[in-house]
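Residue numbers (this note's numbering), protein chains in the order written: chain A, 4 to 375; chain B, 0 to 67.
One-sided excerpt, in silico: chain B residues whose CB lies under 8 Å from chain A: (1) Gln34; (2) Cys35; (3) Cys38; (4) His39; (5) Thr40; (6) Ala42; (7) Leu45; (8) Ile46; (9) Ala53; (10) Ile59; (11) Pro61; (12) Asn63; (13) Glu64; (14) Glu66.
Since the hints were made in silico from the structure, they are not lab data. Note that CB positions come from ideal geometry on N, CA and C, so glycine has one too.
Each chain, written out:
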Amino acid sequence: MAPHEKIFVDSDILEDENHGNIECHTCHGGNPGDPNWKTAHKGVVKDPTYPDAGKVCGDCHDDIVKNYGKSLHVTLKPFKTALYKRAGSDKAIRKKMDKVFKNHCSTCHSSCGQCHISRPNSIDGGFLEGHLFQRKPPMKLVCTACHGSRIGKEYFGENKDMKPDVHYEKFMKCEKCHAGTEMHGGDKEYKNRYAVDNGPMCINCHKKIYDSNSKNAKTHTIHRDKASCYVCHSQPYKNCTSCHVSIDTRGIPCYKSKASWMAFKIGFNPMRSKKRPEKFSVLRHIPVCDSTCEYYTKRSLVNFNSVPTWKMTTPHNIRRKTSQNKSCNSCHGNESLFLLKKDVVDSELKANESVIVPVDKVPERISEMRDR
Amino acid sequence: MGKYLGIAGLFCLFVVSCLLLMQGEPFGAEVPASQCFKCHTNARTLIEITREIAKTRPVIKPANEGEG
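Chain B extracted, bound-state conformation (with noise of 0.2 Å):
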């Protein structure tokens, strides 16, 4: 009886690596290599080169009146 649970769990064993095997490429495996995704997904970057831009290009508002 004890062989025969032995078998069953490397079969089934066996076969949940085999469907883990299956789902294809590791998780996040798609994520683009480029610098572009890399920079524009993360906040803290992002934050840190906007600052440095407002730094040497400040925001110029025309100078409007009324409403447009």
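Chain A on its own, in the form it takes in the complex (with noise of 0.2 Å):
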């Protein structure tokens, strides 16, 4: 977007039977009436809705904002979460670890303006469709203007070799699945996505596929509780590793990763639970590495191991047909679709120990005559 396009208010706004009687300076604060720009924005507040959105949208959407400080594209806690357990409960190293948290994490929260007015100031901003509030984020604008180097790439089937994900061919933006009571926070203070109640699950969808008349259900009672959809059903995706943090010479936060790889991993659910009882799920390998934050002390992940660094994770391509779910022994035997110890580096063995499956508990090939 040009300079002046991400700042231009399409005077439509007038028209917007909500927010059209509101005066900007109402949200904005500043001097409406100065004529010199430069002292009309003193005091003029970018983006009214953070950290504190009651203020602004708070008087009509109180039944949404009431839980918006929980939500996690405000607080950003499962990555405050990782950070403080990996640098184990020195105060000292907690310390720095908020550091690393200011400078590099929270830069990239949202808020309610950065959903349904601008793109997120991450992505240096700018009005979406000229300030007209946008009930429903635009995807490609929005979503995967953040969540673009993984889940925006395999959404969209830009991986080489990759196809998009089917929901994606049936024209499926991400609030098809990702609605707003998931975006928006909930009572609870959630751990991570997954935890989220209103979270997507693809049985909310597909609620057909145990049922015996239904196709392939008899294959999908037998993996019920073993593998997650995903196992079957993804394909591979991008792994990343090694970034490391620091402020460069202008003072600038920035960081630095090694490239990143495609594959597919299959592995010991890290996550299981009765809302994911599944023995096996996908992992990907998440770019923190034992030295990720030693520009701020070089002794700062000193729990490293409590965590694994291959991940759970839900890749967003997703295909009926896989090369894994061809047939029982194109996964069955395979050792090359699990994660095994020599898949992992010798400095993260112990912290991945929980997720590797060892050769021995790889499911074993099923006789030929099954297999058909």
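With the hints as a guide, bring the two chains together.
Right under this line is the structure:
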């Protein structure tokens, strides 16, 4: 977007029966009568919905705003939780991690405004449709503008030799599965996105996969609670490693990470629960390594081994038919699909011991008769 | 006959005038008088201002390497 496009207001906003009567300065402050743009902008709040959306959205949207402070898009809590867990309980180190979080993680937050009015700040902002309020955030301008290098590329089939997600081919946008009730936070403080009560589950739409008269009911029933849907239905996805955060010579926070790679690895489900009881799930390597925060303190992630670096993932590149579900033995006995000890770098073996699949635990090949 | 047509014509003119007046305030009268709206809906002004800003405050990008 050109700089002027980012701040251009479409005069059609006056026709918005809900927001058209609100004057600019009511939300943004500043000096509306001042003809000098420099002094007119004194005290202007670019995004009045962050960090507290109550002041501007709360009057009308109080039912949504009440949980705003608990939305993971606002709190980014999982980043802090993971940092703290890897950093251990030492107060001095945790203080350094607070700095890491502030400089490198918290800049990626979102807010009411940065989904429904403009693009998020982390991707340089810019009004969506000239500040016209968007009930549903546009997928490519908002959602995958941030969640792009992994989710976006998977969903649109932009990774080399990979097909787009079947749901994208059916013209489904993010909000079809990720409804506002998931995005806007709930009564509880969720640990991560998988814990959110209103998060999407395949079964919510594919209700009949276990019905005896449905296609592939037998296969689905056999694998129920054994493998997550993604184990059979996702394609290879992007994995990242070795992200190092620092402050550059100009004082600007930055990161450096090694080249990503495509892989598909099945491991033991690290988040096994009543909601996700499957023994096996798909795992993705996340960018962290033991020296990720060493710019801030040499002794940073002292508890690095407490959390796997191969994390449960839900790739957005679902296909009905994949190379691993072509036949039973495309997966059974196929060690290359599983996260084995040899796939993990030595320095991360301990951190991942709970998710690595020992060779003798790889589901055995089954007889050719059954495979037919 | 002509007299009646004249009266009917005048009546119609009166009705149309009343309807026009009942439309409310003239079109565009609700446009806010604030400078915010005046500038931010004017692309030319915004181009000039953003160019001026770019001269004094160049965009500084972080020196990131690799995918975020």
